[in-house]
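Going down the list, the sequences are from chains A and S. Counting from 0, one number per residue, gives the positions in the first sequence under numbering that gives the first Met the number 0. Counting from 0, one number per residue, gives the positions in the second sequence under numbering that gives the first Met the number 0.
These aren't lab readings, by the way, just hints derived from the structure by calculation. Just so you know, even glycine gets a beta-carbon here, dropped at the ideal spot from N, CA and C. Certain hints may be false.
Just some of the chain S residues that point at chain A, by a computed CB distance under 10 Å [said to hold, decoys possible]: (1) R69; (2) C73; (3) L78; (4) P82; (5) L83; (6) A84; (7) K85; (8) I86; (9) Y87; (10) G88; (11) F92.
Which stretches of chain A does chain S cover? Using the computed rule of at least three CB atoms under 8 Å from a CB of chain S, they are [said to hold, decoys possible]: (12) 17–24; (13) 177–183.
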Amino acid sequence: MKNIKFEINGKAVTVKEGTTILKAAQKVNIKVPTLCFHPDLPAWAACGICVVKAEGSGKMLRACSTPVEEGMKILTHDPEIIQVRRTVIELILSTHPNDCLQCPRNLNCELQRLAAEFGVRELPFEQRLRNLPVDNTTGSIVLNPEKCVLCGRCAKVCQQMQNVWALEFIGRGEKTRIAPAADVSLGESPCIKCGQCSAHCPVGAIYEKDETREVFRALQNPDMHCVVQIAPAVRVAVGEAFGFEPGTLLTGKTYAALRQMGFKAIFDTNFGADLTIMEEASEFVERFARGHGELPLITSCCPAWVDYMEKFAPDMVPNFSSAKSPHEMVGVMAKTYYAKKMGLDPKKIFMVSIMPCTAKKYEVGRSKDMFSSGQQDVDISLTTRELARMIKSAGIDFANLPDDETCDSILGNYTGAGTIFGATGGVMEAALRTAYHMVTHKELEDVNFMAVRGLDGVKEATINIEGKEIRIAVAHWMCNIETVLDRVRAAKKANGEPAYHFIEVMACRGGCVGGGGQPYGADDEVRRKRAAGLYKDDRECGARCSHQNPQVQQIYTDFLGSPLSQQAHHYLHNKYQAKPLYRK
Amino acid sequence: MIAPCGAEAQVVLPGALRAEQSKECMTTTSTTEPILSPSLLAFIQQWKDKPGNLIMVLHRVQQEYRYVPREVACKVAELLDVPLAKIYGVITFYHLFKLKKPGRHQIAVCMGTACYLKGGEDLIKEMETLIGAGVNTVSPDGEFSVEVVRCLGCCGLAPVLTIDGEVYGNLTKAQLPDVLAKYQGAPATPAEVNAQGVST
Numbered sequence: 000m001k002n003i004k005f006e007i008n009g010k011a012v013t014v015k016e017g018t019t020i021l022k023a024a025q026k027v028n029i030k031v032p033t034l035c036f037h038p039d040l041p042a043w044a045a046c047g048i049c050v051v052k053a054e055g056s057g058k059m060l061r062a063c064s065t066p067v068e069e070g071m072k073i074l075t076h077d078p079e080i081i082q083v084r085r086t087v088i089e090l091i092l093s094t095h096p097n098d099c100l101q102c103p104r105n106l107n108c109e110l111q112r113l114a115a116e117f118g119v120r121e122l123p124f125e126q127r128l129r130n131l132p133v134d135n136t137t138g139s140i141v142l143n144p145e146k147c148v149l150c151g152r153c154a155k156v157c158q159q160m161q162n163v164w165a166l167e168f169i170g171r172g173e174k175t176r177i178a179p180a181a182d183v184s185l186g187e188s189p190c191i192k193c194g195q196c197s198a199h200c201p202v203g204a205i206y207e208k209d210e211t212r213e214v215f216r217a218l219q220n221p222d223m224h225c226v227v228q229i230a231p232a233v234r235v236a237v238g239e240a241f242g243f244e245p246g247t248l249l250t251g252k253t254y255a256a257l258r259q260m261g262f263k264a265i266f267d268t269n270f271g272a273d274l275t276i277m278e279e280a281s282e283f284v285e286r287f288a289r290g291h292g293e294l295p296l297i298t299s300c301c302p303a304w305v306d307y308m309e310k311f312a313p314d315m316v317p318n319f320s321s322a323k324s325p326h327e328m329v330g331v332m333a334k335t336y337y338a339k340k341m342g343l344d345p346k347k348i349f350m351v352s353i354m355p356c357t358a359k360k361y362e363v364g365r366s367k368d369m370f371s372s373g374q375q376d377v378d379i380s381l382t383t384r385e386l387a388r389m390i391k392s393a394g395i396d397f398a399n400l401p402d403d404e405t406c407d408s409i410l411g412n413y414t415g416a417g418t419i420f421g422a423t424g425g426v427m428e429a430a431l432r433t434a435y436h437m438v439t440h441k442e443l444e445d446v447n448f449m450a451v452r453g454l455d456g457v458k459e460a461t462i463n464i465e466g467k468e469i470r471i472a473v474a475h476w477m478c479n480i481e482t483v484l485d486r487v488r489a490a491k492k493a494n495g496e497p498a499y500h501f502i503e504v505m506a507c508r509g510g511c512v513g514g515g516g517q518p519y520g521a522d523d524e525v526r527r528k529r530a531a532g533l534y535k536d537d538r539e540c541g542a543r544c545s546h547q548n549p550q551v552q553q554i555y556t557d558f559l560g561s562p563l564s565q566q567a568h569h570y571l572h573n574k575y576q577a578k579p580l581y582r583k
Numbered sequence: 000m001i002a003p004c005g006a007e008a009q010v011v012l013p014g015a016l017r018a019e020q021s022k023e024c025m026t027t028t029s030t031t032e033p034i035l036s037p038s039l040l041a042f043i044q045q046w047k048d049k050p051g052n053l054i055m056v057l058h059r060v061q062q063e064y065r066y067v068p069r070e071v072a073c074k075v076a077e078l079l080d081v082p083l084a085k086i087y088g089v090i091t092f093y094h095l096f097k098l099k100k101p102g103r104h105q106i107a108v109c110m111g112t113a114c115y116l117k118g119g120e121d122l123i124k125e126m127e128t129l130i131g132a133g134v135n136t137v138s139p140d141g142e143f144s145v146e147v148v149r150c151l152g153c154c155g156l157a158p159v160l161t162i163d164g165e166v167y168g169n170l171t172k173a174q175l176p177d178v179l180a181k182y183q184g185a186p187a188t189p190a191e192v193n194a195q196g197v198s199t
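Given only the sequences and the hints, what does the whole structure look like? Please build it.
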């Protein structure tokens with residue numbers, strides 16, 4: 000590719016052809032402000048904050064979407080450019096409610112930060128707020144169109160990254176708003192609750208439903224025995240809210256913070272992941288080695304993916320693993336096995352899950368299978384962002400907490416296989432480690448399946464177990480799944496060999512480490528770092544295969560019998576059904 | 000890395016599947032599935048694989064029904080293999096597309112400068128009293144819908160309004176009842192007959 004030589008603010012710069020002014024400026028440590036731009040998405044120049052001057056050009060150029068040209072002389076900052084940018088911000092503020100103190104994005108808002116950086120001290124334009132109702136019908140994410148700056152990130156994410164099309168620009172001009180089609184609410188729309196819109200929104204227009212107060216209230220209730228579990232991806236991301244580098248492994252500090260908050264027992268979703276693998280790998284062996292059930296087997300631990308499948312790909316129901324997701328398994332085991340062991344009334348156990356995910360909030364009440372303990376198995380699911388807020392409001396000095404705090408081993412001990420669930424490819428890798436053992440009764444010499452790791456949208460590989468070939472596919476970021484499913488459908492139609500034997504799907508880019516409930520500001524670099532933190536945790540675990548987890552073995556001996564037993568099916572499995580795209 | 004999702008072609012679902020969903024979309028709206036006229040279906044077939052087909056088809060739908068009924072939008076989504084959200088993005092962007100069933104007769108009152116000065120606003124107010132429909136609404140009996148336009152190009156006749164395209168100039172409040180009476184209860188237009196398959 001050709002190199003382009005040009006100048007920014009008098010400095011000579013050489014970049015590859017096609018590089019935008021914005022990227023080129025970043026290379027030489029110049030920050031051009033942006034609002035609608037997001038590195039996950041193609042630039043579409045909606046907001047106009049990134050304008051720069053080019054010598055000889057009469058108009059200002061948008062740095063986010065203009066590729067540099069040979070010999071260009073770019074000026075990124077002068078009083079006139081700064082004034083234009085400030086005017087753009089002032090115009091946005093003229094339609095934006097002025098209630099930062101009560102806003103869920105207070106101190107975490109890109110518009111607030113821009114206003115601060117540009118020293119906006121007055122609002123020269125008349126305030127014209129759009130009086131639009133808040134939509135909280137999904138139970139997971141809340142849409143407040145009044146706060147929307149119409150940057151379009153959420154709609155682009157929903158349409159291009161996730162292929163869901165729940166959100167679109169509706170109307171035009173000053174009446175434009177972000178909403179589902181046909182005047183339905185988000186809850187009635189195709190929304191899969193992945194929350195990527197909320198993770199990409201620069202302001203407080205789309206955010207997770209906050210349930211921290213309910214949890215604090217339960218913690219204050221002396222009749223309640225509050226227990227908690229943390230998902231794999233939480234431990235490598237929660238630190239970002241306290242100044243740690245993305246990917247810093249903070250399991251001990253997180254346990255310690257939760258104990259300090261008053262939880263009676265700390266469990267770990269990684270234990271549930273090990274349990275999920277015992278069931279799911281057994282299911283795979285049943286289908287693959289014994290021919291009972293349809294192939295490929297498709298993973299089901301991502302609730303946004305489950306919702307997507309039920310709405311967009313119901314023909315895949317027979318292929319879905321019936322195993323519940325890890326935190327639901329921990330939930331039901333807490334209210335049955337743990338309750339019995341500790342002599343507790345399950346009605347008095349309050350189970351909180353800390354998840355990188357907004358869809359888990361929907362999952363906890365998804366179907367009657369989520370009540371298999373007799374109660375709602377998980378009472379409340381919080382996002383990583385909510386956990387960080389709770390730690391702060393509880394006055395916990397997170398950074399200085401001990402690193403060696405442990406969880407309650409009964410539903411807490413985990414293997415390396417459990418912890419990698421939080422990264423794309425991790426469920427597949429964990430399942431293969433145990434499936435190998437189940438088929439061969441031997442242990443793997445090298446447990447690392449490098450082909451399934453990394454951020455490629457679709458990863459395909461063929462694994463050889465004792466001469467038998469297993470074709471696998473790993474997809475994440477929902478727009479990548481249809482190509483995989485189309486191959487499955489084509490093979491089904493041709494009545495031949497299945498296209499794959501085993502497929503893992505996670506709705507968010509990078510898997511749960513890039514989840515919709517994770518701290519703001521994730522891009523591919525952050526996702527890679529978080530995943531690296533999990534693989535580090537995996538390497539440092541004594542046991543790296545789920546079937547080697549002594550607590551998992553114990554729970555089968557004491558309570559569940561064996562994987563896929565009647566008891567295991569009752570508590571650890573669930574059903575799926577086709578759902579309409581639009582419920583109204 | 001972002002490559003697989005950029006192109007619009009990859010954003011749509013397989014046709015058969017989309018069809019399946021649209022059926023559901025329809026059955027859950029508790030209305031009957033619309034029977035599109037053979038000519039509309041033929042038009043959609045003709046445009047199915049052409050770029051820019053959506054607007055063409057929606058124009059044709061509006062021509063036939065005088066608005067874009069939701070059930071028909073669902074059907075078009077299925078036949079053209081596009082998400083419903085995309086259709087609503089288009090029909091809410093262009094003022095020409097109507098989302099609600101209009102009255103049987105269209106009244107357009109001119110509020111260009113000349114008509115405004117000569118009493119266009121009085122005509123609108125009188126209309127509200129007479130038929131119970133203000134600007135951008137439909138009269139309760141479904142006979143008339145009223146909209147405001149900017150200059151019909153015959154300022155010499157101000158104030159002006161049109162009903163179903165017919166121009167009435169130099170109009171006074173006192174003449175309005177007689178003009179409206181000509182349309183009240185008049186036979187349905189051909190477009191309306193087509194639209195009867197769709198409930199709203």
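| field | Earlier hints that do not hold, by number | value | Numbers 3, 12 - these are the hints that the structure violates, sorted from lowest upward.
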